[in-house]
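The UniProt record's numbering applies: residue 1 is where the sequence shown begins, and numbers increase by one.
Don't read these hints as lab results, they were simulated from the structure. Certain hints may be false.
[What the hints assert, rightly or not] Simulated pairs of lysine-lysine, DSBU-like, Cα-Cα distance not exceeding 30 Å:
id: 1; residue 1: Lys44; residue 2: Lys25
id: 2; residue 1: Lys69; residue 2: Lys81
id: 3; residue 1: Lys3; residue 2: Lys14
id: 4; residue 1: Lys44; residue 2: Lys14
id: 5; residue 1: Lys42; residue 2: Lys69
id: 6; residue 1: Lys44; residue 2: Lys69
id: 7; residue 1: Lys25; residue 2: Lys42
id: 8; residue 1: Lys69; residue 2: Lys25
id: 9; residue 1: Lys14; residue 2: Lys42
id: 10; residue 1: Lys4; residue 2: Lys14
id: 11; residue 1: Lys3; residue 2: Lys25
id: 12; residue 1: Lys25; residue 2: Lys14
id: 13; residue 1: Lys46; residue 2: Lys25
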Amino acid sequence: MAKKVQRRAASRRKLQLLRTLTNSKSVRRRSIILNVLLHFHKLKVKLEEIQREYQNLMAIRNEYFNLLKHIQIPKEVKVEKLGEDQFVVKVRCNRGGDKLVSIVEAFEELGLN
């Protein structure tokens, strides 16, 4: 008889704990269990949403790192004035790219428009 009372008390404590976790106002055992199942389902949906968002962020991060890999080393342009009408232009860069823009910018810095 005492074990039955202890089991019933333990069951009530567990149901009360489930009620507080799910903010359930119901006192019926069936309603509490249904509320718990609904709460678990909502948590599962929220977890799946967070996982999707995490995967999207990781994909964006990977794309960003791939773009960073393709960034070229900065170009180096040096212009030296030898005489009144003579200039030496030294350009160091990778193949391709916009070399002419860097050269024109260097001339503009010297005031040669």
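Structure-based check of all given hints:
1. Lys44 with Lys25: holds, 22 Å
2. Lys69 with Lys81: violated, 36 Å
3. Lys3 with Lys14: holds, 16 Å
4. Lys44 with Lys14: holds, 22 Å
5. Lys42 with Lys69: Not OK: Lys42 and Lys69 at ~41 Å, beyond 30 Å, violated.
6. Lys44 with Lys69: Given pair Lys44, Lys69 is violated - Cα atoms ~37 Å apart, limit 30 Å.
7. Lys25 with Lys42: holds, 18 Å
8. Lys69 with Lys25: Violated - the C-alpha atoms of Lys25 and Lys69 are around 57 Å apart, more than 30 Å.
9. Lys14 with Lys42: holds, 21 Å
10. Lys4 with Lys14: With Cα atoms ~15 Å apart, Lys4 and Lys14 stay inside 30 Å; holds.
11. Lys3 with Lys25: holds, 29 Å
12. Lys25 with Lys14: holds, 15 Å
13. Lys46 with Lys25: Holds - the C-alpha atoms of Lys25 and Lys46 are around 23 Å apart, at most 30 Å.
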